[in-house]
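A.B. asks: Following the hints, complete the assembly by docking chains B and C onto the known chain A.
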Amino acid sequence: MQSKFLSRLRERNPLVHNITNIVAANFSANGLLAIGASPIMSANLEEMVEVPKISQALVINIGTLLGKEIDAMVLAGKTANEIGIPVVLDPVGVGATTFRQQTVSALLNQVKFTAIRGNAGELAYLANVQWAAKGVDAGNGKANLGEIAHKVARQYGCIAIISGETDFISDGSRLAKLQNGTPLFPKITASGCLLSAICGAFLAVAEPQDYFAALIEGCSAYAIAGEIAAEPLSATQNGQFFVGLLDQLACLSPEHLNQYARISYE
Amino acid sequence: MQSKFLSRLRERNPLVHNITNIVAANFSANGLLAIGASPIMSANLEEMVEVPKISQALVINIGTLLGKEIDAMVLAGKTANEIGIPVVLDPVGVGATTFRQQTVSALLNQVKFTAIRGNAGELAYLANVQWAAKGVDAGNGKANLGEIAHKVARQYGCIAIISGETDFISDGSRLAKLQNGTPLFPKITASGCLLSAICGAFLAVAEPQDYFAALIEGCSAYAIAGEIAAEPLSATQNGQFFVGLLDQLACLSPEHLNQYARISYE
Amino acid sequence: MQSKFLSRLRERNPLVHNITNIVAANFSANGLLAIGASPIMSANLEEMVEVPKISQALVINIGTLLGKEIDAMVLAGKTANEIGIPVVLDPVGVGATTFRQQTVSALLNQVKFTAIRGNAGELAYLANVQWAAKGVDAGNGKANLGEIAHKVARQYGCIAIISGETDFISDGSRLAKLQNGTPLFPKITASGCLLSAICGAFLAVAEPQDYFAALIEGCSAYAIAGEIAAEPLSATQNGQFFVGLLDQLACLSPEHLNQYARISYE
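Protein chains in written order, with my numbering: chain A, 1072 to 1337; chain B, 1072 to 1337; chain C, 1072 to 1337.
Just chain A, with the same shape it has in the complex (with noise of 0.2 angstroms):
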């Protein structure tokens, strides 16, 4: 690939607004600042309209929704959309309970998102594929991903990201295939909260028709940096992995992404 976008995310360290959950919200902090983003992790209803406004990416995560959260989110996706800053849906467990369904329902149905980030549990659930997923996580299944990301790109008229072992990227007709990334994400909690975070990043400083490249390689470069990550690291160093991810995000040159990266388009 030819890298266009992480030089710009360095230099203009766009403001990325963090709906986000208490597990993830310290790792996606700091992984954002590594990447070269500013965060700001807020569900204040009270500043859901200000927020967006000094923000250049949304990036909305229901994995613990406590209090006013809901309305918090509908209340910043709609002022992101009026203002129209790019949004990311990251529908944490969305298959698992009945209140995710209904939560991930009422956010589709009010807000208009760039971009839906999920394991392949979470997108089979929003595709209506059958799917055996495992709580928050990716469980098993043997859908076509690349089908289930076109089903979610055309139904919700976004780009659908479904990680994973392989990467599918889908803006509805064209697919984009990562082969980058290490066994030891999944080992570490909120490496995919952390990754729709990063999406957020990569399209604050994208055009609209950039959107599809700006989140290949967001999702691109943050499979390198864990894949650089887990060259030096054994299968069980889940601790180590979760330090040097950081490191690594920081490091990354756009001469890293050219380097390593293993797209395929279908």
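To be clear, the hints were calculated from the coordinates, so they are not data collected in a lab. Any given hint could turn out to be false.
In silico lysine-lysine, DSS-like type, Cα no more than 25 angstroms apart, as pairs [to be verified]:
{"no.": "1", "chain 1": "C", "residue 1": "Lys1124", "chain 2": "C", "residue 2": "Lys1183"}
{"no.": "2", "chain 1": "B", "residue 1": "Lys1205", "chain 2": "C", "residue 2": "Lys1149"}
{"no.": "3", "chain 1": "A", "residue 1": "Lys1205", "chain 2": "A", "residue 2": "Lys1248"}
{"no.": "4", "chain 1": "A", "residue 1": "Lys1124", "chain 2": "C", "residue 2": "Lys1205"}
{"no.": "5", "chain 1": "C", "residue 1": "Lys1183", "chain 2": "C", "residue 2": "Lys1213"}
{"no.": "6", "chain 1": "C", "residue 1": "Lys1183", "chain 2": "C", "residue 2": "Lys1149"}
{"no.": "7", "chain 1": "B", "residue 1": "Lys1205", "chain 2": "B", "residue 2": "Lys1075"}
{"no.": "8", "chain 1": "A", "residue 1": "Lys1205", "chain 2": "B", "residue 2": "Lys1124"}
{"no.": "9", "chain 1": "B", "residue 1": "Lys1075", "chain 2": "A", "residue 2": "Lys1139"}
{"no.": "10", "chain 1": "B", "residue 1": "Lys1139", "chain 2": "C", "residue 2": "Lys1205"}
{"no.": "11", "chain 1": "C", "residue 1": "Lys1248", "chain 2": "C", "residue 2": "Lys1205"}
{"no.": "12", "chain 1": "A", "residue 1": "Lys1149", "chain 2": "A", "residue 2": "Lys1183"}
{"no.": "13", "chain 1": "B", "residue 1": "Lys1205", "chain 2": "C", "residue 2": "Lys1124"}
{"no.": "14", "chain 1": "C", "residue 1": "Lys1139", "chain 2": "A", "residue 2": "Lys1139"}
{"no.": "15", "chain 1": "A", "residue 1": "Lys1149", "chain 2": "C", "residue 2": "Lys1205"}
{"no.": "16", "chain 1": "B", "residue 1": "Lys1149", "chain 2": "A", "residue 2": "Lys1205"}
{"no.": "17", "chain 1": "B", "residue 1": "Lys1139", "chain 2": "B", "residue 2": "Lys1075"}
Simulated restraints on C-beta separations [what the hints assert, rightly or not]:
{"no.": "18", "chain 1": "B", "residue 1": "Glu1218", "chain 2": "C", "residue 2": "Ser1305", "range": "52 to 58 angstroms"}
{"no.": "19", "chain 1": "A", "residue 1": "Lys1075", "chain 2": "C", "residue 2": "Asn1211", "range": "22 to 28 angstroms"}
{"no.": "20", "chain 1": "C", "residue 1": "Glu1326", "chain 2": "B", "residue 2": "Ser1078", "range": "47 to 53 angstroms"}
{"no.": "21", "chain 1": "A", "residue 1": "Ser1176", "chain 2": "B", "residue 2": "Gln1250", "range": "50 to 56 angstroms"}
{"no.": "22", "chain 1": "C", "residue 1": "Ser1335", "chain 2": "B", "residue 2": "Glu1218", "range": "55 to 61 angstroms"}
{"no.": "23", "chain 1": "A", "residue 1": "Ser1244", "chain 2": "B", "residue 2": "Gln1173", "range": "46 to 52 angstroms"}
Computed footprint of chain A on chain B; a stretch qualifies when at least three of its residues, placed anywhere within it, have a C-beta under 8 angstroms from a C-beta of chain A [what the hints assert, rightly or not]:
{"no.": "24", "segment": "1102-1115"}
{"no.": "25", "segment": "1309-1318"}
Using N, Cα and C, we set each Cβ at its ideal position, and we do this for glycine too.
C.D. replies: Okay, now just chains B and C, sitting in the frame of chain A:
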């Protein structure tokens, strides 16, 4: 000891439902992943019937209590009792305030706990034994910890675990004393919360008649992982211990357990 | 400098009550443990009279405000004032939204703060000085930071601390400038939040006439721990800095402080 549950935990990868606090959420989830379980961290009242039903154990931690979390704990606990999955209580800082006392009392009145795990100050409070606890830390006292464990176990019909330099585990008649560990444990926050979560993971793969043995193995596994993580560290490498503990939880083998465990019974 | 409070902090191990946000909670608790304090992280409205009463300092951080947290902050602050323990305010991102401005205004009207610690953008807002803050980050401006610190200190009858490349500490008449630190500090989230917590820990072991000196030592200790942690690291080892800062806070000695401190007075 003869490890029996660790391999099973790694094979079955049980879903462990955690209702926990904003300090412990990330670390507990990472620790559960490292030991081989699959964490789901949710305190959403609206899904407290469904989440326990897909889980193999429930862990309730009263560290921070915002919004409707107490209602969520009661509902999840009752559901867990109905379907027969094990439930662990971590009564964080219970002696410190009237509110925590009332919360724990309400929980104990409405939910049957398989195990209660806390530090000496917390279990002394539950046993109605004099003790100078210090906030959420163990504090100091002179009472016999084995007797406190027995008393809590008998009073609440559960397995009582007092963790500290020596861990005391009682099922009301038997008492196990575990001598593994490291002084670095109390230097990192939420190390007790994570142990409670790991107790849930070991219970998740045990039959009721094996719960006592499973908790002894789970507490030993945690203490030994910490002991191994601390071996190359000085007494002030708190940050490295935070990281190394996750690594050692992930690479801990049944052989490590059998070799390192220092358990005596009374 | 001649270190006076660090040894006392390690001996007395004061309980520091923190009302803080979901991003900073874990890191602040770990940092407090590392420096030698005992953290209690609670925003439960129901215990905001009792927790300050067992604590030696209170730290209020407005980073994320959900549910009844503002009421909790006011009640804890009033209690702390009544019993005479020091109170620190961290007005995270106060300039960014009307809601944060109103929250901080309500706090300042009802609670007497011993110290207010923030970045340049936050204290410029409080001093009513023009500044281009960026979300919760410092942003850019041209005003004189020493004068801003003096103005905040005089206006609110407190010690004002502006942290950044140089730290400015004013008690309204004296001004201390601290030149320690590392550019890695703003690369990890909640590094300001943890500094506010550490200010609380140093105040907890000082008499009121020594508060200014205690805060100078506390801010120096934090900056020096970061400086030492950064020595072996490159500018992009964000993750290693996160870990190393905790290690260095734990092993920092009065001798380190005396040797490294670069403080000037105006």
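A.B. asks: All the hints need checking, so say for each whether the structure fits it.
C.D. replies: How the hints compare with the structure:
1. C:Lys1124 <-> C:Lys1183: Measuring from Cα to Cα gives roughly 16 angstroms; hence the hint holds.
2. B:Lys1205 <-> C:Lys1149: Holds, at about 22 angstroms.
3. A:Lys1205 <-> A:Lys1248: 24 angstroms, holds
4. A:Lys1124 <-> C:Lys1205: 12 angstroms, holds
5. C:Lys1183 <-> C:Lys1213: 29 angstroms, violated
6. C:Lys1183 <-> C:Lys1149: 8 angstroms, holds
7. B:Lys1205 <-> B:Lys1075: 36 angstroms, violated
8. A:Lys1205 <-> B:Lys1124: Holds, at roughly 12 angstroms.
9. B:Lys1075 <-> A:Lys1139: Not OK: Lys1075 (chain B) and Lys1139 (chain A) at ~45 angstroms, beyond 25 angstroms, violated.
10. B:Lys1139 <-> C:Lys1205: 33 angstroms, violated
11. C:Lys1248 <-> C:Lys1205: 24 angstroms, holds
12. A:Lys1149 <-> A:Lys1183: 8 angstroms, holds
13. B:Lys1205 <-> C:Lys1124: 12 angstroms, holds
14. C:Lys1139 <-> A:Lys1139: 11 angstroms, holds
15. A:Lys1149 <-> C:Lys1205: 22 angstroms, holds
16. B:Lys1149 <-> A:Lys1205: 22 angstroms, holds
17. B:Lys1139 <-> B:Lys1075: 38 angstroms, violated
18. B:Glu1218 <-> C:Ser1305: 52 to 58 angstroms: 54 angstroms, holds
19. A:Lys1075 <-> C:Asn1211: 22 to 28 angstroms: Taking Cβ atoms as reference, Lys1075 (chain A) and Asn1211 (chain C) lie about 27 angstroms apart, which means the hint holds.
20. C:Glu1326 <-> B:Ser1078: 47 to 53 angstroms: 49 angstroms Cβ-Cβ, so the 47 to 53 angstroms window holds.
21. A:Ser1176 <-> B:Gln1250: 50 to 56 angstroms: Once the Cβ atoms are compared, 53 angstroms apart, the range 50 to 56 angstroms for Gln1250 (chain B) and Ser1176 (chain A) holds.
22. C:Ser1335 <-> B:Glu1218: 55 to 61 angstroms: Holds - the Cβ-Cβ distance for Ser1335 (chain C) and Glu1218 (chain B), about 59 angstroms, lies within 55 to 61 angstroms.
23. A:Ser1244 <-> B:Gln1173: 46 to 52 angstroms: Violated - the Cβ-Cβ distance for Ser1244 (chain A) and Gln1173 (chain B), about 59 angstroms, lies outside 46 to 52 angstroms.
24. 1102-1115: holds (count 9)
25. 1309-1318: holds (count 6)
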